[in-house]
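Chains as they are written, first to last, in this note's numbering: chain L, 1 to 332; chain E, 1 to 652; chain V, 1 to 286.
None of these hints come from the bench; they were simulated from the model. For each residue, glycine too, the CB sits at the ideal point set by N, CA and C. Take these hints with a grain of salt, some might be off.
[As the list claims (entries may be wrong)] Calculated pairs, DSSO-like style, for lysine-lysine (alpha carbon to alpha carbon, straight line, at most 30 angstroms):
#1 Lys291(E) - Lys46(V)
#2 Lys46(V) - Lys400(E)
#3 Lys138(L) - Lys9(V)
#4 Lys108(E) - Lys531(E)
#5 Lys464(E) - Lys400(E)
#6 Lys147(L) - Lys5(V)
#7 Lys40(V) - Lys408(E)
#8 Lys60(L) - Lys291(E)
#9 Lys531(E) - Lys60(L)
#10 Lys560(E) - Lys60(L)
#11 Lys562(E) - Lys329(E)
#12 Lys46(V) - Lys464(E)
#13 Lys590(E) - Lys442(E)
#14 Lys46(V) - Lys491(E)
#15 Lys464(E) - Lys560(E)
#16 Lys5(V) - Lys138(L)
#17 Lys291(E) - Lys408(E)
#18 Lys208(E) - Lys142(E)
#19 Lys173(E) - Lys60(L)
#20 Lys301(E) - Lys400(E)
#21 Lys464(E) - Lys9(V)
#22 Lys46(V) - Lys430(E)
#23 Lys46(V) - Lys301(E)
#24 Lys464(E) - Lys434(E)
#25 Lys82(L) - Lys208(E)
#26 Lys400(E) - Lys430(E)
#27 Lys379(E) - Lys531(E)
#28 Lys408(E) - Lys46(V)
#29 Lys491(E) - Lys40(V)
#30 Lys5(V) - Lys139(L)
#31 Lys430(E) - Lys40(V)
[What the hints assert, rightly or not] Covered stretches of chain V (chain E as the covering partner; in silico rule of three or more C-beta atoms under 8 angstroms from a C-beta of chain E):
#32 72-85
#33 219-227
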Amino acid sequence: MNLLKSYFLPRLSQWLITILIGVTVTFILPRLLPTDPVERTLSTLSSLQTMDPRAVESLKEALEDLYGLGGSPFEQYINYWKRLIRGDLGPSLSAFPTPVIEIIGAGLPWTVGLLTCTIFISWILGIVLGTLAGYLPKKLWCQIMDKIFISIYPIPYYILALILVMAFCYHFQVFPLVGGASGKPEISWSYLSSILWHSFLPATSLIVGSTAFRFIMAKALTSTIIASDYVNYAETAGLSRWRIVLFYVIRNTLLPQATDLGLSIGGIFSGTVITEIVFSYPGIGYSLYMGLLQADFNLILGITVFSIVGIATAALLVDLSYPLLDPRVRYK
Amino acid sequence: MQNRSKLIILLGLVGINIILLTACKDRANTTESTPSSKSQLPVDLPRQDILVVDQIFRYSVVENFNLWMPGIPSPTRQGLIMDSLWYIDQETGQQINALSTASPRYNKDFTQMTVKLRSGVYWSDGVEFTADDLVFTVNNLKSNPGMLWSTELELFVKEVKKIDNYTVIFELKDSNPRFHYQFTIRYNGVWMQPKHVWQNVEDPMTFKFNPPVSLGAYEYADSDPSGYWELFKRRKDWERATPGILTGKPGPPYIMSVFYGDSGRKAMAITRHELDMVQNVDYEAFQAILKKTPTARSWYKEFPWAYPNEQSARYFGFNLGSETVFSNKDVRWALTLALDIVDLQTEYIGGVARVTAIPHPASPPQMELYHTPLESWLKELQIEIEDGIFYRPYDDAVPKKIAAWAQKQGHSMPSSDEELRLLFGTGWWKHDPKIAERLLLKNGFTRNTNGEWLTPDGELWTIKMIVAPDEVEIYRLAIGAQDQWADFGLKLEIETLQRDPYYNRNLMGEFEAISSWSNASDGDATADKWKAIFGLHSQFYTPNGKSTATTGSTNTLRVKSKEMDQIIDELDQIHPEDDRVVELGREFMKLWVENMFSIITISFKNFTTVDQYYWTGFPTNENPFVQPLYWFGGGRFTFQNVAPAAGNTPKQ
Amino acid sequence: MKIIKDLFKYHLSFRFGAIILLLIFLLATLSFFSPYEAAKRRVVPKNEAPSFDHIFGTTSLGQDVFWILTFAIRNTLIIAGLAVLIGRSIAVILGSFSGYVGGTTDRILQSIVDSFIVIPRLPLLILISFVLKGELNFLHLALILGFLDIAWPSKRYRSQILSLREQEFTYTAVFSGMNTFKIILKEHFPFFIPYLLADAVSGFLWAIGIEITLAVLGLCDLTTPTIGTMIYWGNYYQALLMQRLWVLAAPVITSIFIVVGFYLISTSLSEYLDPRTRLKRLGTRE
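Using the sequences plus the hints, can you model the full thing?
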């Protein structure tokens, strides 16, 4: 009981407060945008079909009614929370009356799938390689790896993605130009393998940069540990290199690395706009971007709520796992 | 020892990076690109059965065919599954009678319109299209404000009556000689709803109309849940839909719209033969396509390639809503004369558009109605430089000068004046900085010791212009103006904005100068200027600080002119096929030009590109029988004329 | 100062990094002597490949890539440098304070920091640039970027502090009567600084990367030359498709050099400062 009170409760309340603040800020910010959704719809319509000017006023009123933008901001805020608790994210304003949850549902699995895999792969790869390089700085292959990663890391993601597309979709026409998969969505080898095929380039582009970053971080962290007593002792005691690296070195660098992993996982809900644009890959990053461009309050809030809850929960879980990772951590 | 090896390795790696980047160079000089062994379209159908077209943007809403709701994507799909009474072909300007068999018949004072419908047209589920559908559609839309055309129909229609299965009469609330414009498709208009489906729908706004019961020659087959593509299949009874009836051709077995990405990616797709028709690519991407894909072409086979007949034009505008230096007509003329249109059109645009001095698109039918007849007036037009001293600013040698530039680039040019005017426009204003200088001096401007202009207040003259760089032409024109006006001695500051802040500031009037398009220079492929200028009337005038989108005004430049109002008032009252329409159109253009309310520069151009590897039958300059704008409602006829290329044998 | 000289003489990494950085700064200062103004176009022939007259070639607008690059380096260094300075300073103060004080204060501070983290940064930046209706010059940009990069680093620093706090030598110092401030400064900072330096490099890179992303999406002031806007304009005129790679290669390779330079300096400096590796080096010196 005491454990619950002194340990879990404060962290849980932190989690709740974070979400509360996050949602409120995201509620307020888009309303600072100079365009409002009704105006946006009207201006799109007038550019396409030359609405008869005499009909515009009544359409504007009808839309304001429909979009639910009447009432003071505070009333809208309360209404929003009421709906949110019921799991109703409201209708998208730019694609009225399509529910926001539908738009998210179409893209979310792709983003989550792609980013979860790439984050994990690059995390593991980066830490293992980086720790090795930090532990054995004199080995030639470690030095080569160091140089390779340090020169790949600064290449702007956008350029890296573009180069991959140019090389493998244009000059060597190997990979497809659009989409997440081919054929009907079903549990079959052809469909599943097409997912892997379509995601190969985008995943590669994401993994390369993240692994490089993770590598550099791991190497830096390792370099602060290699001279410590317990490592010296382990070496003197004749423990195998691998054991030392895995159980002594890596474990002691885990705290900040785990924090990063947790926060990265939480961050996947905001998607990667650039990846989707450059590779024409499905996901919610582009939906969020278009939502911002079109002042679609509900869509922006809907996607960001996922992100907020995702990251807050990840941070909570990471915080709770600190004592597991590093037994020396104790709290006042 | 190891330090040196570190150095070598680092240098080597950087070198590899450089090599990698440059290794993206073309391997040898491939004269013909070989198609990929396996076409990687996301659907499992034989490639030669599918016509792949550019979807233009990624759909954020999928599997929703309720095109009567704003926010549901319309391009391309509307031509494939929707239909309405009449069409105006955007290339030829001809009226096409689709669901109606004749032009609308009005009574004497335009308060009643009679429509005759076509028999033998069937929905894709076998039910015949009749007057019931038309009447139902109108009443259904009227009772659902928020749906498209609802407010217009409510505004104009008192009652709509079915006389017999193929005759409908509209009783209008007020005299409206252009009521039929609601049902005349240029881009879109009132699409017909199948009564037998919609009458049972509880909430028409949330109804997805999926699968859509089609009145076009195609029906919906499949789509990508992420909005990247949509597939349509030819109806088995395609001869019972108006495109089939009117053209007698079957069209491709499948039509698929795909969004590949930006110009660069579309160019890649064309080179891989995975894209047959493209709405637009930018100049450089088009050059890359020409180099690598010999079966691809745009409107003209050779320079200037691009499709020049879309019904709009580009302009430089000034905010006239408040008292500024631009409120003075002389200043606007001075800025015009300080520009060199030949330099703008060639060095910055690449020579691929027609110039136009009047606010109207320069397509061949329009040039016959407006540009050419107005030329004598334009040549005689005089502006007053100083008291009693007049000057004629019009230059009809512009097309020849552009042709000279083109020849220097290595393109062969026709010799006749007529042909040059068809390529480059009829003429524009002279490039005369000396006259411009005199105009400014007359109005209190002065030059400082550096040759820079000072306003009558003595301040250094700087103009701020807003531009959206992803609308490529207006950006390139703006930097051209920046360079030319800098030579003239005034500083133009360009503010680059994303589309939405750009639109927003334009509509709100929060700008000093703008590089933009449309506004007064729109056309609708007919002789009628009403659609473009009705919104400029002062009854809708919206001052700076309030968005014109909320009032219906199109007068983003905030022009105030009593003569303009008079022209619009008269035009509004007469039938669009009245002879007076053209006269009023010309009067409007003369008024605009005399006052130089905005500086119209070039007519629209699109690199609407087609690849003739699998398909042929596209309209081109040699055979401009239908509009190439397939994403408009009239695109239904464009699609219907597409046939397999020689050597392509579709399986169906 | 003597330290710098010694490092330069004896440590190859440092020497190499210092040379690269000096070159970069030299290029940046060259921008003040550019024969062409940054904003002027059509001053040289268009689309020319690198040659003796124009070492890095020319752009589609008739500008010399080399001289534009000097402006770009200058502006990007200013933006990223300012952003990192502002951001990391605040993050260090915030993270260390939170980590050392602990308890409810820590809890409250972390809630606030977390609410910054949970909001995805790129969409936030896009939103801000729209709200400002595009009046985002590069000094504003640096400030905003700095503020946006506080949350994650401060969390990282806090976790470092937390584990340092529980180390043996900390307890030793406490029991020996060292006051808290001295402990922080003398015992913890030497461990902390290497991590801080490496992290600062990543912050620098994030700032450059975000600036490029923003530029590529067309959201910042595209008329000032920066690495990001050079890439934007390169793509705008389809450099890759038209095989005019020099326009893109120049800014990309430069950004690689900038980061490599900073990285080498920071690792060599941290190696020097870290008391444990210093010992190791002493022991294994030939």
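These are the hints, each one checked on the structure:
The straight-line distance between the Cα atoms of Lys291(E) and Lys46(V) is roughly 19 angstroms, inside the 30 angstroms bound, and the hint therefore holds. For the proposed pair Lys46(V) and Lys400(E), the alpha carbon gap of about 24 angstroms is at most 30 angstroms, so the pair holds. In summary, the hint linking Lys138(L) to Lys9(V) is supported, as the alpha carbons are separated by about 21 angstroms, within the 30 angstroms threshold. Note on Lys108(E) and Lys531(E): the hinted pairing holds, with a Cα-Cα distance of about 22 angstroms set against a maximum of 30 angstroms.
Restraint check for Lys464(E) and Lys400(E): not satisfied, since their Cα atoms lie roughly 33 angstroms apart, outside the 30 angstroms limit. For the suggested pair Lys147(L) and Lys5(V), the alpha carbons sit about 25 angstroms apart, so the restraint of at most 30 angstroms is met. For a cut-off of 30 angstroms, the pair hint linking Lys40(V) to Lys408(E) stands: about 25 angstroms separates their Cα positions. Of the supplied pair hints, the one linking Lys60(L) and Lys291(E) is violated, its CA atoms being roughly 49 angstroms apart against a limit of 30 angstroms.
Taken as a hint, the Lys531(E) and Lys60(L) pair is honoured in the structure, with Cα atoms around 20 angstroms apart against an allowance of 30 angstroms. Between Lys560(E) and Lys60(L) the alpha-carbon distance is near 25 angstroms, which keeps this suggested pair within the 30 angstroms criterion. For the hint linking Lys562(E) to Lys329(E), the alpha-carbon distance of about 16 angstroms falls within 30 angstroms, and the restraint holds. Taken as a hint, the Lys46(V) and Lys464(E) pair is honoured in the structure, with Cα atoms around 27 angstroms apart against an allowance of 30 angstroms.
Our distance criterion of 30 angstroms between C-alpha atoms is met by Lys590(E) and Lys442(E), whose separation comes to about 24 angstroms. For a cut-off of 30 angstroms, the pair hint linking Lys46(V) to Lys491(E) stands: about 23 angstroms separates their Cα positions. Pair hint Lys464(E) plus Lys560(E) holds up; C-alpha atoms about 22 angstroms apart against a cutoff of 30 angstroms. Our distance criterion of 30 angstroms between C-alpha atoms is met by Lys5(V) and Lys138(L), whose separation comes to about 25 angstroms.
Between Lys291(E) and Lys408(E) the alpha-carbon distance is near 20 angstroms, which keeps this suggested pair within the 30 angstroms criterion. Between the alpha carbons of Lys208(E) and Lys142(E) the distance comes to roughly 19 angstroms, so the proposed pair stays at or under 30 angstroms and holds. This hinted pair checks out: Lys173(E) and Lys60(L) have alpha carbons roughly 22 angstroms apart, not beyond 30 angstroms. Of the pairs offered as hints, the one joining Lys301(E) and Lys400(E) holds, with about 21 angstroms between alpha carbons and a cut-off of 30 angstroms not exceeded.
Distance restraint check for Lys464(E) and Lys9(V): the Cα-Cα separation of roughly 53 angstroms exceeds the 30 angstroms cut-off, and the hinted pair is therefore not satisfied. At most 30 angstroms may separate the alpha-carbon atoms for a hinted pair to count; Lys46(V) and Lys430(E) meet this at roughly 27 angstroms. With a C-alpha separation of about 26 angstroms, the suggested pair Lys46(V) and Lys301(E) falls inside the 30 angstroms cut-off, and the hint holds. The straight-line distance between the Cα atoms of Lys464(E) and Lys434(E) is roughly 24 angstroms, inside the 30 angstroms bound, and the hint therefore holds.
With a C-alpha separation of about 27 angstroms, the suggested pair Lys82(L) and Lys208(E) falls inside the 30 angstroms cut-off, and the hint holds. Straight-line distance between C-alpha atoms of Lys400(E) and Lys430(E) comes to about 13 angstroms, which keeps the hinted pair within the 30 angstroms bound. At most 30 angstroms may separate the alpha-carbon atoms for a hinted pair to count; Lys379(E) and Lys531(E) meet this at roughly 28 angstroms. Distance restraint check for Lys408(E) and Lys46(V): the Cα-Cα separation of roughly 16 angstroms lies within the 30 angstroms cut-off, and the hinted pair is therefore satisfied.
The hinted pair formed by Lys491(E) and Lys40(V) meets the criterion: a straight-line CA distance of about 12 angstroms does not exceed 30 angstroms. As the CA atoms of Lys5(V) and Lys139(L) are separated by approximately 28 angstroms, the hinted pair is consistent with the 30 angstroms bound. Among the hinted pairs, Lys430(E) with Lys40(V) is consistent with the structure: their alpha-carbon atoms are about 25 angstroms apart, no more than 30 angstroms. For a cut-off of 8 angstroms, the count of residues in the stretch 72-85 of chain V with a CB near a CB of chain E stands at 0, and the three-residue condition is violated.
Residues of the stretch 219-227 of chain V with a Cβ under 8 angstroms from some Cβ of chain E number 4, which satisfies the need for three, so the listed coverage holds.
Figure legend: structure checked against the earlier numbered hints; hints not met, in rising order: 5, 8, 21 and 32.
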